[in-house]
Amino acid sequence: MQWSFNNDRPIYIQLVENLKLFIISGTYKPGEKLLSVRDLAALAKVNPNTMQKALTELEELGLIYTERTNGKFVTLDSKLIQKCKEKLAKEKSFIYLNDMMNLGFSKEETIKYLNKEEK
Amino acid sequence: MSLLTCHNLSKSYGKTLVLNDINLEIPSGKIIGLLGPNGSGKTTLIKLINGLLMPNSGEILINMKPVGINSKKVISYLPEHSYLNFNMKVNELIQYFSDFYKDFDKEKAYQLLKKLNINAKDKLSAMSKGMKEKVQLVLVMSRKADLYILDEPIGGVDPATRDYILDTILTNFNKEASIIISTHLISDIEKILDEVIFIKNGQIYLYGEADELRAQKGKSIDEIFREEFKC
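Protein sequences, first through last, are from chains A and B. The first sequence: position 107 = 107 (my numbering), numbered continuously. The second sequence: position 42 = 42 (my numbering), numbered continuously.
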C-alpha cells in the first residue's frame, strides 16, 4: 500500500488517515511492531516531527500503543479496529451516494449500478 | 532556548533598505522554509546570519552568542552560488572540508556520494550543473552542525533528483539541529517543512507552522504564497 498526500491539507492529518488505512486494511496487523518514527518518516518522505505528531494522535485514538522501551505497536483491540473500519465505510458510502444523487440518480438506481459493477 | 535570534535587524545597500527591522527566533529541531519573491531579502538575511555581511543595526545571536568564529563552527551553509574550485576532485574536496571543519564526517560523505552515484575521483569541472549541486549538498550535509542553511538547494536539478535531495536532507536531519531552506520551488519542498517564514520587502510578513496555515486557509503553502505575493 502507498502513502498518498496532497499539499492543501495538514500533512499530519493525512498521515493519520494513511496509517489508519494501513491498520484497518490489515497491512499493519494487530499487535505488530511499528518502525521507528524516523524510519516511518523516511518511508512516507515526511518530516519526523510531523510523523511524531500523527503517531501521538493515533495513540490518543487508541489505535497504537507504546511499550516504554520497546517501541510502538498496533492495538490488539480488534473491536476498535472494526469500529474504525465501519466508520470509514459509512463515510465512503455517504460520499458515493451523495455524488450519485448529485448526478440525478435515486438511491435504488445507485444500488443497481453497484450491483452491475464487477470486481 | 532559541538557536538563532535576530533582534531589530536592518541592512541597507547604499540608500536601499533591504532588511527592515527583522525579529526572529528559531528553535532547534525544525525544518524551516524561508520563502519570498525575488529581491525580498532572503539571501541578504542568510549572508548576515553567516557573517558574510554586517548589519547596519540590530544583532544576530547563534546559541545566544554573536556571529563570529564560534557561530561559523556550528553553521553549515550551502550558498546560492558555488565557491568551490572546479578543478578539484570530489575526494580532494572531502579532504579539504575535513581539514577545515572539525564536525565533518568523511565516512558519511562517501556514503552519501555512493547513494547519489557520484564518483569521488571525478573533477567538478567534468560534472553537470545538477551533479555539482549534489556534491555541494553532500559536503554541507556531512557536517554535524547545529544549523544548516541551504540557499536554493534544488534550483538546478530535475524533479527526480529533487526528490532524492529532499530525501537526503530529511534522513540526515536530527533533532538537535535545525535546517533553514530558502527556495522558490515551494510545492516541491513544502511537505517536509515544519514552519514557514514569508519575507516581503525586507520584513517578516508571516511566520507560522506549515500544517496550521494549511488548516487555516484550506490551501497549500504554495497557493498561499501565490496569493500573498500576487504581482
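Derived by calculation from the structure, the hints in this document are not laboratory data. Please note that a few of the clues may not be correct.
Stated by the list, open to error - Lysine-lysine pairs mimicking DSS-like chemistry, simulated, CA-CA at most 30 Å apart:
(1) B:LYS89 to A:LYS92
(2) B:LYS144 to A:LYS53
(3) A:LYS90 to B:LYS217
(4) B:LYS30 to A:LYS53
(5) B:LYS102 to B:LYS175
(6) A:LYS119 to A:LYS90
(7) B:LYS175 to A:LYS33
(8) A:LYS45 to B:LYS108
(9) A:LYS53 to B:LYS89
(10) B:LYS30 to A:LYS33
(11) B:LYS30 to B:LYS89
(12) B:LYS129 to A:LYS85
(13) A:LYS29 to A:LYS112
(14) A:LYS33 to B:LYS115
(15) A:LYS72 to B:LYS106
(16) B:LYS15 to A:LYS45
(17) B:LYS102 to A:LYS72
(18) A:LYS72 to B:LYS47
(19) B:LYS114 to A:LYS45
(20) A:LYS92 to B:LYS219
(21) A:LYS72 to B:LYS73
(22) B:LYS217 to A:LYS45
(23) A:LYS45 to B:LYS132
(24) A:LYS79 to B:LYS217
(25) A:LYS45 to B:LYS65
(26) B:LYS106 to A:LYS53
(27) A:LYS90 to B:LYS108
(28) A:LYS45 to B:LYS115
(29) B:LYS115 to B:LYS73
Violated hints - listed by number, lowest first: 1, 9, 11, 12, 13, 15, 16, 17, 18, 21, 24, 25, 26, 27
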